[in-house]
Structures are given as structure tokens and as C-alpha cells.
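Chains as they are written, first to last, in this note's numbering: chain Y, 1 to 495; chain W, 1 to 368.
If you're looking for bench data, these hints aren't it; they were derived computationally from the structure.
All C-beta atoms, glycine included, are put in the ideal place defined by N, C-alpha and C.
Wrong hints could be hidden among the right ones.
Which chain Y residues stay away from chain W? Per the calculated CB distances, all over 12 Å, these [as the list claims (entries may be wrong)]:
#, residue
1, 37
2, 63
3, 108
4, 141
5, 183
6, 216
7, 390
8, 434
9, 458
10, 493
Between beta-carbon pairs, the in silico distance windows are [said to hold, decoys possible]:
#, chain 1, residue 1, chain 2, residue 2, range
11, Y, 166, W, 60, 48 to 54 Å
12, Y, 67, W, 239, 54 to 60 Å
13, W, 25, Y, 43, 17 to 23 Å
14, Y, 49, W, 239, 57 to 63 Å
15, W, 155, Y, 43, 52 to 58 Å
16, Y, 145, W, 29, 56 to 62 Å
Chain by chain, the residues run as shown.
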Amino acid sequence: MKEKHSRPTVSLQLKLSGIFILASVLIFIVNGVLIIGINRMTEEMDSVYRDNLKLNELAVSISEVQNSMTDYLNTKTTDSLERYFKSEQDYHKLIAELNNEVTGDYYDLMEKNIRNMSEEYLTTTGYAIEAKRGRNVEKYSVEYDKACRLYNYINTYINSLNNERFKSNSSNFSELISAFRIFETVTFIVMFGVVVGSSFFVIGFTSSLIDPVRKLAKSADEVAKGNFEIETIEIISGDEIGVVTGAFNKMVVSIRQYIEQIKENMEYERSMQEKELRIEATLKEAQLKYLQTQINPHFLFNTLNAGAQLAMMEEAQRTYDYIQNTAEFFRYNVREGNTTVHLADEINLIDHYIYILNVRFSGDIKYEKTIDENIVDVLMPSMILQPIVENSVNHGIKEMEGRGKISLRVYSEDGFVCISVKDNGIGMSQEMIDKVLSGELTEEEKPSPVGAHGIGMDNVIKRLRLFTDREDSVSIISEGEGKGTEVIIKLVKEE
Amino acid sequence: MKKRKRRYSTKNILFIYSAMILIVAVISFAVSMYFSGNIKAARHAGDVKDSQAGQDTDVALDKYYVMITSDRDLDFWKSVYEGAREEGLKKGVSVEMIGDNLSESYSEIELMEIAIASKVDGIIVYADESLEMRTLIDEAVGKGIPVVTVYGDNANSSRICYVGVGSYNLGREYGKQIVKIARETELSNTTASTHMNDVIRVVALINSYSDNANQSLVWSGIQSTVMSDNNTQIQIELTQAYVDNRNTFTTEESIRDIFRSEEAPDVIICLNETDTNCVYQSLVDYNKVGKASILGYYDSESILKGISRNVIYSTISVDTHQMGVYCVDAIKEYEETGNISQYMPADITLIDKNNVSDYLNETEEVTE
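One chain only, chain W, in its complex shape (with noise of 0.2 Å):
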């Protein structure tokens, strides 16, 4: 017992206090580490959240590259966004759609003074045939910024590459799809043995504002296949309509101007989402259903149901993906090289009811 005690005296005591004490000093260290560390990860938790562009690429970024588009909620635009920006990740690019963060919205031409000032290393651009767009698109190639355009052309300016649909076969594609029609309602004419319709009126939609030459393409690649390929007894009546697309509600006025009008059509195209969800809509509305055939455009949740349901005939659905790949890797190959080939098509599919199902489950399946 004495000896125990004698164990405890002075020099052992002090011994076990300093131990005690840098015992403490290391937990409460690790401690205050653990917790500044925490509090770190939780002050910019927000930031990784938001910031979807990765950290999670071993490719260091060292290039900026902005996308400028004004529908950027379209599915359509954020799919392209989406492809433009996991290839970026992987080219060492980081892609931003410019404007998507922004208080004020911003048309493209805006956009594109501010990608300039801002002094981005390539721009992608959904561009219009207008004069101020391709001043705009001069200045930055004037200023050693690389542009791409996407989807919407401006031919006569100095862009490197436009990758798009190749709007012609777009048309030939729609033109098919009124022949087919013309052939399902012949055979129905003749089956019935009343003639119900001697003539299909179709009507594509054109967008009245973003004049470009897309659109006339896709008109004459229909007006070609049709004219070639229609060799039935059904007569088809092309006409254009003309949607005022200026602000963000006037397309829906319009494509309702149309199922107002004494005749409505028998089959419409249409050259975007958004006229093919109005349209969609106002089929609804307008208890047209299986009246009208709808030809749409893009492959959007939506849309795919429409065609599930019946109600839009069938739908050409863009790559928008690769078109998002097809910029960055242009841009990209044009640094380095120089070069680079003025057009780069997107894959077009065709998405009717036999197909459907296979992307309906994708989107879902994307979606979840």
C-alpha cells in the first residue's frame, strides 16, 4: 500500500498532468479540426450543390466556354447544355449557360455583348440570321473568341461551325410522314367506301420572327418529298402558317388563332417544342383530337405521351445530346487546329407509336 503510494508522489504526478494535459490539447485540437473541417464542407455545401459543373473530372479546367440560348427551360436547350457541358468536363472546358443565373433575362444579342466583354474563351450561340447577330458573332471571331452555332444558323457570319439539324432532311422527313398519312387515310377511304377526305391539309408552323434559313429548308425538303412521293389519290394541300413567336406568349395566341379559323388542318408540323406543346394543348382544348395529326418536334416527356396517347401522330427527335458534343468538340478542335469543317449534323430519329415506349421508359428512367 505504501509503495502504491509512493508511486503517486511528485514526479509521477506531474508526469501523469502532462500527459493529461497534451492528451487534452490533441482532443480538443481534433476536435476544433473536425469541426472547422465540418463547418467548411457546410459553407460551401450549397455551392457544390449548385454549381453542377463537376469537381468531380480529374481534368484541370482551364477554358470557359458559354452557351447562349433565350429558351434555356426548353428540355430541348438543357439537353444540348447538358452534352456541351459532360464534354466540356472531360476536354478540361467548363460550359456555362450564360444568363441561366442572371436576375434580368437577356436576349441572345444581349447575351452575346456580354460573353464578349466577358471575355469567354468559345461562345455557342442558337443564332439567327439577323445583321446584329452576325455583327456580334464578327466581333468575337475579331476578338479571338471562337463561335459555334447551334441549332440556328447565321451562314453569312464568320462562326467557325454550325452544328444543327440538317434541316432539309428535317423536311424530307416530315414530308414522308404526310405521305404515310395520305396513305393511312386513303386506306381508310377505301375501307369505309365513303370518301371522307379526297385532301389532307397541312400546315407547318413557321416561326415568323427567328426568320433563318433553316425553315425554308425544312419547307422545301417537305414540299420536294411530298410532291416526289406522294403517288396516292389523296390530295395534299402544304400551306404555311405564321406563329408570332416575338415574346413568350404570342406563340400560344397564334397556334389557337389557327384551331379558331373556320378550317383547321388536318395535319400540323411543327419546328420546335414549344409550338409543339401549344399545339398539343390547344388539340385538347379544342376537342380535335384524332381529327388532327400533329407532326412535333424534339422528344420531350411531354411530347412523348402526346404520342402515347394518340394525339400527336409521331415526332422527330434530335440528338440534342451529341448536337451539346458536336459544339464543345468543335470549338475545341478548332483550338488546336485551326480547322475545322463548317457543319457538323446532328442524328435525326423519328419517334411515332411503335417506338414510343422504348423512350418513354429512357425519359423516365433519365428523369428518376
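Chain Y on its own, in the form it takes in the complex (with noise of 0.2 Å):
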């Protein structure tokens, strides 16, 4: 946090744009520099030959005061007079610029002697015009040569001068040249290494800009595969990029927590489905091994065996077709692997429940059958009409003392072999008949399994519409209370 606080909070445009300022500052303040160098380098040239220019204009200019001065004596124009104080003034101007100090350099001295002489020459042509003008003859005349004379002497003067200036400062421009030859080379050279040592500047400045950038690119395209266990990357600067990188760094912790969180819940839920399961399981389990506990029907079926034989042995005729009976009719549930079978063995079956009920309830049940023999072999699965038989028993007629009939017809309609199996019991309502169809009952409403063998209606219903795969393979009529029950099934006939 205190890192934080202490971070420049500068941002990138204006690093960016501050680098490249500053070094377009540094060129410039070289650039400059080396100009001013330059400049001053060519100024001293130009100074080579500036004297000989303000010689060359003296020249020039004596020369005109010089003319003015003899067309005037000789013409007395107005207009040369003009003329000549006009130049005269020029020619002031100019020579007033000339050196006046004693010093050690003859071409000073040279200058100052132009200087006074010319001052002396002006002073002569001005008697000689103030004489003309006052018509002194003789004395025009007499300063008009010495006029002459000195125009003379100074033009002497500037000539030399001149020349010997021009002498000099040919010398000097060799070396001045080889000087600024110098001076361009040493230029060259600094110039370079600025250039060298700016661009190493821009690169390492520019670098240091563009490492986070790096750092992030490399973090999210690790975080585009997949790995979220990357480091979080270090913040080095409060600019954009660095908030960027902090913004980076908060999502990549983030989503690694929800991912955290997704899979805990996940876990939670696919435990709290096992243990649901498990406890299913364990029941289904219990309740099977309950049943196995109670009924060991080999054991019976055996034992049923043993006592029918017995019965032949005591020649006890009626015991042993009971007894041989009910050993049929636990054999068919004891076989082992067949689901399916024919309608005749369904049919067997029956028959031998039948019997046993009435050695039971004595005779109590009138049981008849219609079977079209030719329609038998049609295959279906088993345990069926014998529960629905019991529940015929049960439910319609078990209360009915001796009047109880159960009828079974086998026959064929529309194609579809058709079962009936129809009782004169106490009916069903038009309700309980939806709500058995449609698997709705309640465990209150269920007939208790235990009574016979633990298959409801709802099991045969199911059973059935799974292997005729048609909803209507089980129809119930009943016309009400007391007025019995048909229970149809229809399966489809084998071709």
C-alpha cells in the first residue's frame, strides 16, 4: 500500500510523449549549439573580407566627394554642391567608423592615419569650396591641389591597406577553413554519438514501457490455455498499464476463485446424490433380502416334491394332487431366466392356482375358461394373469362365500390375441380404475403386497406396456359396484 501511495502516478502519453520531446530537445539543443558554433564560425569568415568591403565603400565614397568636388569647382552647379555635401556627409559617416586608437597593429595605424588625413582632406575641400564660392581664386586653386594630394595619399593608403589586408587574410582562410573542416568533423562526431546515445535512451526508456505489456501478454495468453496458477505480475508503474496489470491480477485471482467454488459445490451435490442413492439401494437390498429370508422356494418346491410322493406312497390320491399342485405352481416361479413364455404355460398356471384355492377355501371358487386352443403359443411375460387372478380373488370375490366366479376367455380380436380375465366381484369404480391404469394409487390404496406373492397390479401394468410397448395393452372394465370386474390384455399375435 505504501508502494502504492509512492509510485509516480504518471501517465502513458505522457511518458511517451515526454521521451520523445526530450529527445527532440536534445537534438535540438546539439543542433542549436553546433549552429551558434557554425554561425559564429561563418561570421568570422565573413569578417575575413568585411574590411576589405568597408575599404572598397571608403574607396568608393572618397571618390565621389572627390568629383563633387572638382565638377563644382570647375561648373559651380548647384547640383554638384548638393552633390558634394552629400558625399562629404557619407564620407563623414564612414570614417568615423575607422579606428582612432594607437595601438600596436599597423593596419590599425594605417586606418587611423585614413582617418585624420581624411579628416584633413575634408577640411581642405571644404576651404576649397568656400573659396570658390567666395571667388578667391588663388586660394581655390592652391587648396584644390592640396586636396588632390592628399585625395591622392589616402587612396594610396586604402589601396594598401587593402591589399594588405587581402594579403593577411588569405593567409588566415586557409587556416580558418582547415579550422571549420575541423570544427565539421568534431560536429560530425558529436552529433553521432548523440544520435547513438538517444536512440540507446529511447530503446531502454521505451523497454521499460513496454516489459509490463510484455509480462501481461505472456500472463493472459497463459491464462487464455487454461493456467490460472500463474503469479500475479508486479506493478511497477501508476500508469495505465499499471492499472491494467492491477485489473489483471484481481481477475485472475477472482475467476480462480469461482472456479474454486463451482467444483466445491459440484462435490457437495454429487455426494448428497450418492448418499441418496446408496440409501435406495440399501433399502431395495433389505427389502430383497427380506424377501429371500421368507421364501426359499426351491427348499419348498422340494419339500412339496417330497410330500407328494410321500402322499403316492400312503395312497392318498387327493393329497397328492394337492400337494403336486402346489409343487407345479411354485416350480414355475422358481425356473430361473425365463421372463418370457408362452400363453399356455400362463395359462397352466392359473389352473393350478385355481386349484389350490379351492382346496383352500373349499370349493368356494367357480373358475371357467373359453381358450382358443389355437392361439397359445403367443409369447408373453410371465406372472401375469396369475396376479391379476389374485387380485380377482382378493378383491371381488374372496367375501363372496361360494357365489365368486371367475371367468378366463383366451381369443382373438382385430388381430390381437385378447385375455379375459373377468370376476363377479364388488367392481371398481370408474376413478380407481383411472387411478390403476395410470399408476396413481397410494401406498394406502395399494393392496397389501405380502398377501400373495408381492407383485401389485401396477408391476403387471408396467411390465406389460414395456413389452407390448403400447399403452393400451391393459384395459380394466367394471360397470360399477358389485356388478364384477373385467380385466383385458391384448398382445399382438405372432405371425
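The two chains are supplied separately, each in an independent frame; assemble them into the complex guided by the hints.
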């Protein structure tokens, strides 16, 4: 947190423009200084010949003074007089710039001489003009002669000085040139150094800017590949990149947290489901175990067989028959792996069952069967008819004490094999029928499975529907309370 | 590593960058300063070379004297000028040999006019006795410019001082040399026991166009010395020969005329450097070495060589340097006191083959 405060908050734009502006400023300064240097040199070079120029100007100017004076002395025109005064003034100005100090330099001394002589000359010409105006012929010709002499001297001086200067300047000029060449070389080296140094620093600076971006990109790439286990990126600066890096770090951490949470949730849900399933399975297992402990059909079947043989040895025909029927009934139940049976087997089982019931209830149940023997080969799930019959016995005719009647019919209809089990018992309401057919009976409404073999109507209906793939494979018909119930099963006739 | 990297971040880079800018600016400024200094030096290098007048003195220059002579190229005048210049530098005076740098060559008269018009602070002039010169000297003095004549005087002018050789003394020195030659001739006559020569013809070269009192003083000096000192049997004939020195080449022609004449002189007296050189050359050319003796003037290198080769008998050396010094001193003193003695003589020395080696070495050293 402390670091965050001390971090400079300079924006990326400012940084980038800053570095480029600085680089430009650097180059500008160097250029400027070098240009100043070059300028100075050029000035020096100029000044080499400036003196000559000045002297030439001087020569031109004094000749104008001389000419105009001569002209005036010749012609006495006002025009020439004006020219004289003007040129005299110009010349005055020019000589005022000349050196007037005593120095050790001969050129300076020559300048001084030119200046002094020129002053004398101008005075003389002034006298000459004055004398001419005053018509003092003798005087003006004397002054004119003197002026001419001075004019010659001055000219000689100017020319000589010009020459001498030119001579020394020419020799200086070559030295100047060579110095200039060296300066050029040094300039070039300095510029080159600046460019190299500047590039080095710009590269260094930009890479210091780009580095975090590069790291960020690398991390982002890792994240994109699905690896969230990356180190957090260090935030170096407070600029936009720093902000983005910070956000990225937070994002990665958040995503990691979310994934963790989702994983936990899923784990919890799965364990819950597992638990539920386990409870159910154990329940089923318990039920199975329970049922198994209740009945050991093989044992029972063998026992019954032994009983039947015993009855035969004692010549008790009815007991033998009874036990034989009972044994047959259980044998059917204990056969293994045969979930699909022929209709005939089912009918046989009903026969055995009815026989047993009649023995038990001493012939109370009247049993009729009308079978079309041509179609009893049709296949059907086992243990279908017996529960239906049991149901009819239990709910239909048990309490009718001798008047109960069950009729079984097997016939063909519309290409189907129809099996009808009809009783004349208490019947069912339509509501009840619907509930049974849709399997919506509550546990209380269901008849206790413990009574018979534990297979309820809903089981039968489900199995039949699964077997035939048809919803209408089972139908229940009852015309109301006390009017009996008919269960009709439709099976597809085999070709 | 990370920590290191951290150290290079924005603030530091900015700092380094600014430092770099500063350094580069300083470097380039230094470079440009150095070179502009260099160039300035180069620009004025020639000037310093040409203006021998020194920036090498501590005294600020505030006066400007000019020296006027038409024979500026002679060693004699160069030496005088050198003396004046050096003395001037000591006293804060810039002395110029006027006309030296001019494209035209002007006469002393013209140079005087220039100097006066240029309002110089003092004039040192090799004057003659002409009226023009007198007028100009008077004009200059009238305008407050002190004029010193050197080596040649204009006695009637208002010049403040004459610095020169005592011409009469000079004449006497020449006279002594003539007598010495006479004695040597007498001696050789007696040893050879044949009278080869009873008469020595002496010719003094007189410049016809720079006529001034000096030459006549010299002449009378010679005459009186020869008259009084010659106690030999040898008769000495003194004559003057006029040398036309109006322009550059006439001197030489005049001298050759003398040698072409029937009777060549035995002794030739030269009163200036040019004459001495011309006579020396003519003697060699006309094969008269050993037959005629030259009494020369001044101690230029060629004259000294002439002595060491026995072509020139002897020469009178004037302390030219001292003359220059005296000139400047005279004007300076006049400026300060308003008073100055009218005549300042420079030392003269006789150089013959006995002592020529001293001077030869000296000049050689100097030229070196």
C-alpha cells in the first residue's frame, strides 16, 4: 500500500511524449549549439573580407567627394554642390567608423592615418569650396592642389591597406578553412554520439514501458490456455499499464476463486446424490434380503415334491394332487431366466392356482375358461395372469362365499390375442380404474403385496406395457359397485 | 534483478536523460567555444605576424610616431627603425616606418605631408637641407608635431633635435685611415726598395642630390686630419667625386664611371651603405681588388664579408640601434619637458680586418 502511494502516477501518454520531446529537445540543443558555433565561424569568415568591403566603400565614397568637388570647382553648379555635401556627409560617416586608437597593429595605425588624413582632406575640400564661392581663385586652386595630393595619399593608403589586409586574410582564410573542417568533423562526431546515446535511452525507456505489457501478454496467454496458476505480475508504474496489470491480477484471482467455489458445489451435490442412491439401494437390498429370507422356493418346491411322493406311497390321491399342484405352482415361480413364456404356461399356472385356492377355500370359486387353442402359443411376460387372478380373488370374490366366479377367456380380436379375466365381485369405480391404469395409487390404496407373491397390479401393468410397447395393452372394465370387474390384456398375435 | 530493473524506471531515466542533455550541451558548447577561439586566433594569426609592433609589452601604447626615410630597405635604416621601435614599446609609443606598407613609393617630402595630414604624435625624419623639407618640418612643428631629424639634418628648420653621427669626427676617422694606408704604402715602398707609389689618390664619394652640411663636415674632417697627421713621404691627393643619387640606379652607374676612368683611385671613401656596396661590387667586377682600398660605411653583412675578404679596407660602423633609441627618447623628452638638446651624437666604431670577426659573428647570430 505504501509502495502504491510512492509510485509515480504519470500517464502513459505523458511518458511517451515526454521521452520523445526530451529526445527532440536534446537534438535541438545540440543542433542549436552547433549552429551557433557554425554561425560564429561563418561570421569570422565573413569578417575576413568585411574589412576589404569597408575599405572599398571608403574608396568609392572618397572618389565621389573628389569628383563632386572637382565638378563644383569646374562648373559651380548647385547640383554638384549638393552632391558634394551629400558625399561629404556620407564619407564623414564612413570614416567615423575607422580606428582612432594607437595600437601595435599597423593596420589599425593605417586606419587611424586614413581617418586623420580624411578629416584633413574634408577640411581642405571645405576650404576649396568656400574659396570658390568667395571667388578667391588663388586660394581655391591652392586648396584644390592640396586636396588632390591628400586624395592621392588617402587612396594609396586605402589601396595599400586593402592589399595588405587581403594578403593576410588570404593566409588566414586557409587556416580558417582547416579549422572549419575540424569543427565539421567534431560536429559530426558529436551529432553521431548524441544520436547513438539518444537511441540507446529511447530504447531503454520504451522497453521499460513495454516490459510490463509483455509480461501481461505472456500471463494473459497462459490464462487463455487455461492455466490460472500464474504468479501475480508486479506493478511497476502507476500508468495505464499499471492499472491494467492490477485489474488483470484481480481478475485472475477472482476467476480462480470462482472456479474453486464451483468445484466445491459440484462435489457437494455429487456426494448428496450418492448418498440418496445408496439409501435407496440399501432399502431395495433390505427388501430383497427380507423376501429371500421369507421364501426359499427351491427348498419349498423340493419339500412339496417329497410330500407328494409321500402322499402317493400312502395312497392319498387327493393329498397327492394337492401337493402336486402346489409344487407345480411353485416350480413355475422358481424357474430361472425365463421372463418370457407362452400363454399356455400362464394358463396352466392359473389352473394350478385355482386348484390350490379351491382346496384352501373348499371349492368356493367357480372357474370357467374359454380358450382358443390356436393362439395359446403367443409369447408374453411371465407372472402376469396369476397376479390378476389373485387380485380378482382377493378383491372380487373372497367375501362372496361360494358365489364367486372367475372366467378366463382367450380369443382373437382385430389381429390381437385377447385375454380376459372377469370376476363377478365388488367391481371398481371408474375413478379407481383410472388410478390403477395410470399407476397413481397411493401406498395406502394399494393392496398389501405381502398377501400373495408381492406383485401388485401396477407392476403387472408396467411390465405389460413395456413388453408390448402399447398403452392400451391392459384395460379394466367394471360397470360399477357389485357388478364385477373384467381385465382385458391385448397381445400382438405372432405371424 | 528485479530490484535493478526497478531502479531504471521513469524517474531515474528522466534524471539520466536530463543529465545527458546537460553534459552534451556543455560539451558542444565547449567545443564550439574552443573552435570559435581557435578560429579567432587563426583569423588574426596573420595580423600578429605582420605587425611586429608588439602585443608583447606591458606598457599601453598611447603615442604614434612615424619614421620617414626613402631607403627603408637598407640594413642601416632597418636597424635604426628597430632601435626606435624597441625603445618606443618600452615607452608606450608605436613607431612606424611610414610608407613601408604602401603600394606606392613616396619621397621623404610626400611622406612628411602624409605624416602631417595623419596628425601623428611625432616625426623622425631623414632630412636634407632642402627648402621643401624645411617648410614641412616647420609646418609640422607649427601643428604641434615634434620633428626629430636623424642622420641627415635640416639645421635651419625648427626641428627639435638632430640625432646623427658627428660628421666632422667621421671625417677625422676617415682621415686617420687614409694616413694609415699612406704609412703602409710607405712601408711597402721601403721594403720593396722600389718606389711603387709616391702619390695616393683619394676619392670621396659625395652624393650630389642629398647635399647637406654633413658631407662637407666629413670632407673637412678628412682634409684637416690628412693635413695634420700625414708625416709620410707619400703625397695624398684628396678629390671629391659626385655620385648621382637621384634615383635608384644612378648611383651604381656613377660609381662605375669612376672605375672606367683612366686613373682609378687608390682609396675610395664611401659615405653611405649603398655607395659602399656598389664600390665593393665594382672593384670585384673591374678586377681592382688589392689595387684600391675602400673605406666603407656601415656594418651590413656584405660589407663585413668584404672586409674579411680584404676587399674593403675598413668601415665605419654607426650604432644605428642607438640612433633609433635616441630619436624616440628625444621626442619623448620633448613632450615631457618641452626642452631638448639640439644634437645627440651616436657612437661610431671602426671595423677593419683586426676586429671584423667579432662583428661577423654578431651579425650572423643576429641574422640567425
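Here is what the structure says about each hint:
Interface exclusion of residue 37 (chain Y) from chain W breaks down, the closest Cβ pair being 3 Å apart, not more than 12 Å. Non-interface status of residue 63 (chain Y) relative to chain W is upheld: no Cβ of that chain comes within 12 Å, the nearest being about 16 Å off. Not every C-beta of chain W lies more than 12 Å from that of residue 108 (chain Y), the closest at about 8 Å, which undercuts listing it as non-interface. Every beta carbon of chain W lies more than 12 Å from that of residue 141 (chain Y), the smallest distance being close to 18 Å; the non-interface claim holds.
Against chain W, the non-interface label of residue 183 (chain Y) is violated: not every CB pair exceeds 12 Å, the least being about 5 Å. Every beta carbon of chain W lies more than 12 Å from that of residue 216 (chain Y), the smallest distance being close to 15 Å; the non-interface claim holds. At the 12 Å boundary, the C-beta of residue 390 (chain Y) stays outside the reach of chain W, the nearest C-beta of that chain being 87 Å off. The beta carbon of residue 434 (chain Y) is kept farther than 12 Å from every beta carbon of chain W, the shortest such distance being approximately 80 Å.
The Cβ of residue 458 (chain Y) sits about 75 Å from the closest Cβ of chain W, beyond the 12 Å cut-off, so the non-interface label holds. With a closest Cβ-Cβ approach of about 88 Å to chain W, residue 493 (chain Y) is found to remain outside the 12 Å limit, as its non-interface label requires. The beta-carbon spacing between residue 166 (chain Y) and residue 60 (chain W), approximately 30 Å, falls outside the hinted interval of 48 to 54 Å. For residue 67 (chain Y) and residue 239 (chain W), the hinted distance range of 54 to 60 Å is satisfied, since their beta carbons lie about 56 Å from each other.
Checked against the hint of 17 to 23 Å, the C-beta distance between residue 25 (chain W) and residue 43 (chain Y) comes to roughly 21 Å, which is consistent with it. Our hint of 57 to 63 Å for residue 49 (chain Y) and residue 239 (chain W) holds, since their Cβ atoms are close to 60 Å apart. Between residue 155 (chain W) and residue 43 (chain Y) the Cβ separation comes to about 55 Å, which falls inside the hinted range of 52 to 58 Å. Separation of residue 145 (chain Y) from residue 29 (chain W) is about 59 Å and conforms to the stated range, judged on CB atoms against 56 to 62 Å.
Hint violations for this structure: numbers 1, 3, 5, 11, all remaining hints satisfied.
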